[in-house]
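Protein chains: 2
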Amino acid sequence: MEDYNMKFNMKARIFFNKDLTAAEEFISKLIEDANKTILLKGVPQNRVEDGARISEWSIQRDELHLRIVSGRYLRAHSALLRIHKLLAKEIGARFKTGARSMIIDEYTATMNLPSNIEFSIPKIPAVQSIEQADNALKIYFANLDETALRGYEIDRAIKLIQSLTLPSLTERVTKIPPGTIIRRSKPREYKFKEDPTIKALELGWLEEFPGKGQFFYTPPITKLYEAIKTIFVKEVGEKLGFQECLFPKLIPLEIMDKMRYLEGICEGMFYCSAPERNPEFFEDLKAELYVTRKIPYKKLRDALKDPYYALSAAQCEPFYNYLGNKTIKIKRLPLKYMDHSGYTFRYEAGGARGLERAFEFQRLELVWAALPEDAENIRDETLVETERVADEILELEWWTEVGDDPFYLVGRFSEDQEINLPDVPKYELRAALPYKGEFNKKNSIATSSFNVHGQHYVKNFSTKTDKGVDIWTGCTGIGLTRWLVAFLAQHGFNREDWPKKIVELTEPFPEIPDISA
Amino acid sequence: MEDYNMKFNMKARIFFNKDLTAAEEFISKLIEDANKTILLKGVPQNRVEDGARISEWSIQRDELHLRIVSGRYLRAHSALLRIHKLLAKEIGARFKTGARSMIIDEYTATMNLPSNIEFSIPKIPAVQSIEQADNALKIYFANLDETALRGYEIDRAIKLIQSLTLPSLTERVTKIPPGTIIRRSKPREYKFKEDPTIKALELGWLEEFPGKGQFFYTPPITKLYEAIKTIFVKEVGEKLGFQECLFPKLIPLEIMDKMRYLEGICEGMFYCSAPERNPEFFEDLKAELYVTRKIPYKKLRDALKDPYYALSAAQCEPFYNYLGNKTIKIKRLPLKYMDHSGYTFRYEAGGARGLERAFEFQRLELVWAALPEDAENIRDETLVETERVADEILELEWWTEVGDDPFYLVGRFSEDQEINLPDVPKYELRAALPYKGEFNKKNSIATSSFNVHGQHYVKNFSTKTDKGVDIWTGCTGIGLTRWLVAFLAQHGFNREDWPKKIVELTEPFPEIPDISA
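Heads up: the protein sequence lines correspond to chains F and L, in order.
Each residue of the first sequence is one higher than the last, beginning at 1 in this note's numbering.
Each residue of the second sequence is one higher than the last, beginning at 1 in this note's numbering.
Calculated directly from the structure, the hints in this document are not laboratory data.
Bear in mind that the values here come from a model prediction, so they are computed numbers and not experimental data.
There could be a bad hint or two in this list.
Claimed, not checked - Taking CB as the label site, the calculated pair distances span:
{"hint": "1", "chain 1": "L", "residue 1": "Thr147", "chain 2": "F", "residue 2": "Gly351", "range": "31 to 41 Å"}
{"hint": "2", "chain 1": "F", "residue 1": "Tyr435", "chain 2": "L", "residue 2": "Ala517", "range": "23 to 33 Å"}
{"hint": "3", "chain 1": "L", "residue 1": "Gly354", "chain 2": "F", "residue 2": "Gly351", "range": "39 to 49 Å"}
{"hint": "4", "chain 1": "L", "residue 1": "Lys186", "chain 2": "F", "residue 2": "Lys500", "range": "29 to 39 Å"}
{"hint": "5", "chain 1": "L", "residue 1": "Ala88", "chain 2": "F", "residue 2": "Gly351", "range": "23 to 33 Å"}
{"hint": "6", "chain 1": "L", "residue 1": "Glu194", "chain 2": "F", "residue 2": "Gly42", "range": "56 to 66 Å"}
{"hint": "7", "chain 1": "L", "residue 1": "Pro279", "chain 2": "F", "residue 2": "Asn143", "range": "21 to 31 Å"}
{"hint": "8", "chain 1": "L", "residue 1": "Val384", "chain 2": "F", "residue 2": "Glu504", "range": "28 to 38 Å"}
{"hint": "9", "chain 1": "F", "residue 1": "Ala517", "chain 2": "L", "residue 2": "Phe15", "range": "45 to 55 Å"}
{"hint": "10", "chain 1": "L", "residue 1": "Gly354", "chain 2": "F", "residue 2": "Phe15", "range": "50 to 60 Å"}
{"hint": "11", "chain 1": "L", "residue 1": "Ala517", "chain 2": "F", "residue 2": "Phe119", "range": "55 to 65 Å"}
{"hint": "12", "chain 1": "F", "residue 1": "Asn420", "chain 2": "L", "residue 2": "Val384", "range": "39 to 49 Å"}
{"hint": "13", "chain 1": "L", "residue 1": "Lys294", "chain 2": "F", "residue 2": "Lys500", "range": "55 to 65 Å"}
Note that beta-carbon positions come from the ideal geometry of N, C-alpha and C, so glycine has one too.
Can you build the whole structure from these sequences, using the hints too?
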């Protein structure tokens, strides 16, 4: 744990129902006593200076003015809550006056930085401003009401600021350096060296769609896609005992929040809204559309509810929700499910690039819940079988590396509770794209990722077990659309050059009807 | 065609660059002449009273004031455009003054109604108010600028009003009364009489999802679903030569507009938006979420672009777009594609009811383009094969009726051009739901619909042919989720009671792991 040597300094007032002058002596004793007891409770003996202390106080009619200074063990705002409770009880009993509300007039926190690094800080609720100087930060809080105090907003704001000054969680967690190649196929020769998306469009295997990052797949490429999908379902999913499910694809934001996706990839998702219940408004909107023949985008926007959903971005979201708020019987584990029931979606803004980086794509998603060691073994099995398919059936050139961006850690700035994470959160299998040149990271495509999440999701979704032991989850995302790209990029569009098994599975092979005059 | 005996009465002004007093005599002759020529052009000899006529006019400095009255053959606003063009040319040449802008000061249209029916009229652009009396309507137009005149807004507003006074287009088009049963299975006996969704939830075959109208399908029900899907793909799709494609599911609104879905089922779709390109805003939003732990729905709404997409509601939308703006080679027809690449979506608001009426559901969609007679034959073939599957493989009780709500006609209020539509736009196959009681419309579920659209889509999407002949499109939607409901409602959850073929196809049948303590 980093030592930020945090110091807090607060000016606050507690309001009572009547003048406190008569209680001055009593209060003086109470505070002197509190400084030695409740404001040091839970503070290690040798770190008394990191507890809290009321350093100044005065009475002004019905107000008690306080200055509280503290270190990390009892932060001044927590000390204020303790002292408020104590005074309410003791003064209330003896002087027949209630302690009403509190106001924090000034509150600052200072912390040392681990090093003099550069970072930027967003607008954070409860934080008025931040000054950086001499490897230290000074945080000025403002607008703190009791809800903010009791809701831990200050603590989370501090956590957030600390996490922004640290190397990413991935770097801290991953025990093998990200990017390390752990296995690779033998090299291969390529006849075909074109961009498969461009070629597929030329041949009519794909057609453009007005939506960016989307395509209409005509029969020939669909046949190939189905062959690749069938292989992975059978040779990885079914072989390893994964059972098929149908996962929803329209994901309520409350689930995306538990996924930490709203923090992690907020800008990378599509959001969905249902129409407001307002038939008259829609009649007007339809009439306007009919008469003007222009889509009233703005008017439509106003006719929608707040966004309640995002389109599935990870495909596995419903699985963690399925486990959520359950007490799992350990003896029933491992649980191994798979889904290939439809598209998932990413908003890539300007980053869309052919089939390689589409807005809408197909994936075979394998998910599991198991004891920690089993969870890692299952992940490794899916990796081994996927590599086997790549070698023996699809006959592709690939490597497997330690991933540098485990998707599920992106939204986890830092945590209130310590959670158990695996040594390698993610492996990634990348395939060569010969049209880009020599096989290296830049000239390749990530076709699958193999993830163990440790307790990340079981904690976020409140999953428990009957034996009180930890369980972990994992997911392997086999990017079917990405494999299709890798296959066509390495083998080309001439079926005679394709591996035998794929030729068999794509029989009878459809012609694209040359329909356009 | 209905005769509304339409009459128009307009007061308008045309503005010139200089005083017209000197041109008065010349203008007088021009108008007298126009009343006999260009304002009667295209008007039948025996209907001269239904042409247009300038009934009054005067000159006020640089303004020419006009009153134009007309019938249906040349509407007053079209007459104004003609007269403006004539004056601009003739007066311009002789008196060296340009005809500048026009203003319409008053404009009313009156029309007889076919009968004294009740109807309600939405807010319509260009229409200020409407009075109804004595089987007639008087329409007051307002805010008419030149764009509105030249953009046909007035004509479309009139069409819309006329269509609202008519029986629905479905009733007008369909030659066999909607609801007529054309074929039915033999009756069957049922052991099972429960609601299959409730039973499936009890058994853990389904799990609730936080999103209304959505479910998590666990392995047993997924296995049954896959069996049903495989049967329809093979026994209807592949048997009849349909080729598989992958259709996008995120549909740009410009396509939904051409579908006439924005007019037809505006309130029944989910709308999607991408995030605005504003990284700073999202950093703030994430910080707020992290610190307050509340999803900032309103803030998120403001962070999104206008809705650009709807989620696929019909599944076949991409096919008409694929045909769009093409000149199709007639000799390559028929074109027969199918899609089962993922969910489609309907927003049912309060109407959600178990698996029967879900927000998110699976369908096998068959689509085709062909010469009109072929298009009807293909539809009939898909119907016959579907009925065969229902009888011989799924062993269900069903009937087929003439549909009363062809989905594609809902948004077609009326049309500017006459289009060719089939005698029966839609058949619907309904299956019995024994838990609801005796097999009748109310106690049944629509499992599939069989549609021929005539020229509806090829016109809307500007599809042409090389031979100049008409082609039609059609689609058959096989509601896989609905068939699943019908199957479980009639056969129950005990596999020993299932038809032989389904037992075979669901081997090995997964247990639902009893994971919850």
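Item to complete: Could you tell me which of the numbered hints above are not met by this structure, giving the numbers in increasing order?
Response: 2, 4, 5, 11, 12
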